[in-house]
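Engineer: Sequence:
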Amino acid sequence: MRGKVYTVKISKGGIGKTWITAQLGHGLALNGNKVMILTSDSQNNIFDYMIPEKEHEKYKHIKDLRHSVLYGKGEVIPLRKNVDFIPVESSIFTEKFLEKLPEFIEGLRKEYNFILIDSIPTKAIDSAFVSLSDKIIIPVFCDAVTRKEAVNVMMEAGIEKVHSIIVNLFRNTAVQRESYQFLKEFTSEDIVFPSPIKETAHVESLIHKCKTVWESKASSIKSIQNSLLDVIMTM
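What the sequence shown shows, in my numbering, is residues -4 to 230, in sequence order.
Any given hint might turn out to be false.
[What the hints assert, rightly or not] Taking lysine-lysine pairs in the DSS-like style, the calculated list, with each CA pair at most 27 Å apart, reads:
1. K193 - K204
2. K29 - K95
3. K156 - K143
4. K105 - K95
5. K179 - K7
6. K(-1) - K206
7. K55 - K76
No lab work stands behind these hints: they were computed from the structure.
Fair warning: this is a prediction, and the values are worked out from it, not measured in the lab.
Just need the whole structure built from these sequences, with the hints factored in.
Structural biologist: Next comes the structure, spelled out in C-alpha cells:
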C-alpha cells in the first residue's frame, strides 16, 4: 500500500475547511478506506465536528503530532471507524520537525489509504504539507475575496496539483452565481468541480451533534452527500 496525501487548503478562515476535511475523511472510510487526518492548527477543530465536547478532556494530554514526527511515539485518536487523527499542541514547528516530516508522512502512506491534511496558512508548515501532497483540495465561498484567494492558491501550487474545488455554504444569489460561474470557467477539465454545497439548517444541526453528513438521512443532506461523493470517488 502507498496511500495518497491530500491537503485541504485555503488561507481565508471561516470557509468550512475543517468541516469539509471531516466529511471527506468519514466518507472515504465508509467506502472501505483507512484514513488519517492531520492538522497544523493547535485548536484541533476537527474535534468540534466529530467528538462531543464532554469527551475532549480525555485527549488533552496525549502526545501530539510533533512528538510523533520527532520520536515516532505519538498517539492516535479514533474519530470514527477507520478514521484516525493526530492532534497538535502548537502551530510553531522547528527545522528538525520539518526535516523529519517527509519520513513520517511516508510511514503513514504504508499504513493508511488516505492522509488528509487540514492545513493553516503558516508558511513553512503549509508549504511542507503541500509539497508532500499528491493533490490539494480547495474549499471556497462564492464571494470576490475568496474567489481571488482560490485563484492565488491554484497559481501558487500549480493547476496540475489541484484535485478539486468545493463551493461551501452556497446561497442562490446573483453575486454567488456569478462567482460560481467564474470559478467553473476558470478551472481546467481535470479539476473536480462538484455542485455547490448549499447553506442549510440541517448541517448546522449535525455540527451541533458532532455528526457528519453520512450520519443523516435528511433529504436536504442528499445533495451535499452527492457533491462530496463526486470528490471522494475521484480521489
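Engineer: Tell me the numbers of any earlier hints that the structure contravenes, in ascending order.
Structural biologist: Checked against the structure, no hint fails, so every one of them is satisfied.
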